[in-house]
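First to last, the protein sequences are chains V and H. Straight run, no breaks: the first sequence in this note's numbering ends on number 194. Straight run, no breaks: the second sequence in this note's numbering ends on number 1194.
Keep in mind that the hints were calculated from the coordinates and are not lab data. Among the hints, erroneous ones may be present.
Stated by the list, open to error - Below, in silico cross-link-like pairs of lysine-lysine (DSBU-like), each with a Cα-Cα straight-line distance of 30 Å or less:
#1 V/K112 / V/K21
#2 V/K111 / H/K1111
#3 V/K112 / H/K1021
#4 H/K1192 / V/K81
#5 H/K1102 / H/K1163
#6 H/K1163 / H/K1083
#7 V/K111 / H/K1044
#8 V/K192 / V/K21
Number of protein chains: 2
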Amino acid sequence: MNVLEERILKDGVVKEGNVLKVDSFLNHQCDVELFDAMAKEWAKRFAGKQINKILTIEASGIGMACIAAKQFHCSVVFAKKYKSINIDGDMYISQVESFTHKETNQVIVSKKFLNEDDRVLIIDDFLANGAALQGLISIVNQAGGRVEGIGIAIEKGFQPGGKFIRNLGYQLESLAIVDDMDWKTGTITLRKQD
Amino acid sequence: MNVLEERILKDGVVKEGNVLKVDSFLNHQCDVELFDAMAKEWAKRFAGKQINKILTIEASGIGMACIAAKQFHCSVVFAKKYKSINIDGDMYISQVESFTHKETNQVIVSKKFLNEDDRVLIIDDFLANGAALQGLISIVNQAGGRVEGIGIAIEKGFQPGGKFIRNLGYQLESLAIVDDMDWKTGTITLRKQD
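Kindly produce the complete structure, drawing on both the sequences and the hints.
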């Protein structure tokens, strides 16, 4: 079991509606030592890949992406979310539907910071239905770059995003995969990984 | 001249309305090697302070705060911005007026992650009028904690925030202070620092 999995079992809190609260170490308070261990695990899993840029999305992905960038010796670009924005020729844009907040955001990246030479590692904190991830992959494709891999902290294995992305042939490395949660008992069941 | 100052003169772009664009290295694309150098400079300037927590605000502060946390061996808490939120007893809340977007946000931090034992270093990317910073200081005060210092990447020295905060007695360390900008000539004048 890796350190993130151990931490989820210790400090993750299950709430009604399949919500897993990890705000004490991942997405409100950030345990940077944990991020460091996660970054090293991603570096191991993506060893040999030619990665020159990490792409993430504001806000929760930024911290772990910056710590990961120290392992991959590359820069980070974070996509920005807007409720609505006038289409501007200088931006890659994708539509991302948020299931948590029941709204659609436009996710944008400046064309200056992503192009056809980029070999991109996408990093994010959560993968459930995969809406945000689809938006980020779309942006790399618009740029003509290549998605070398996808590093996720926590995948909700009972939602379809992860399977869909793996079916498309991407190397998706989720450090923890939650197969089941029960808010009444507080039980979290993690998928066994090698 | 420190590396951030050199980088601003090299890659910062002045736009009409006293806008300094640093999105190629600071707040859209993130140069993590630069963040590392900035973190070391803050560690030097705040040497001897007992800091056990870094407080920042989403989104642009998070990356540099996480890299700085590796120098200070502490965790990061990032304040979240909401257009409006029902007052919830579990949150510290402050009002922050954004001059860029002409709107007021509520800035919140969960009470779980900040308390009277905390000795806080506040980190943010920009200081101009100091609206965001006032909100963060207010939150530390609500928690009964102590602001040990404030680390800013870029201060706009021709706007009143920095002077106001220094007058209150806080140790405010801005790695670069822009005293003047001219979008017509692209000139950026930095204040001399020791």
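Evaluated hints:
The suggested pairing of V/K112 with V/K21 is violated, with an alpha-carbon distance near 35 Å, which exceeds 30 Å. Among the hinted pairs, V/K111 with H/K1111 is inconsistent with the structure: their alpha-carbon atoms are about 39 Å apart, more than 30 Å. Between V/K112 and H/K1021, the direct Cα distance comes to roughly 13 Å. Compliance with the 30 Å bound is thereby established for this hinted pair. Between the alpha carbons of H/K1192 and V/K81 the distance comes to roughly 36 Å, so the proposed pair goes past 30 Å and is violated.
Note on H/K1102 and H/K1163: the hinted pairing holds, with a Cα-Cα distance of about 23 Å set against a maximum of 30 Å. Straight-line distance between C-alpha atoms of H/K1163 and H/K1083 comes to about 28 Å, which keeps the hinted pair within the 30 Å bound. A C-alpha spacing of about 36 Å is found between V/K111 and H/K1044, which places the hinted pair above 30 Å, so the restraint is violated. About 21 Å separates the Cα atoms of V/K192 and V/K21, which keeps this hinted pair within 30 Å; it holds.
In this structure, the hints that do not hold are numbers 1, 2, 4 and 7, in rising order.
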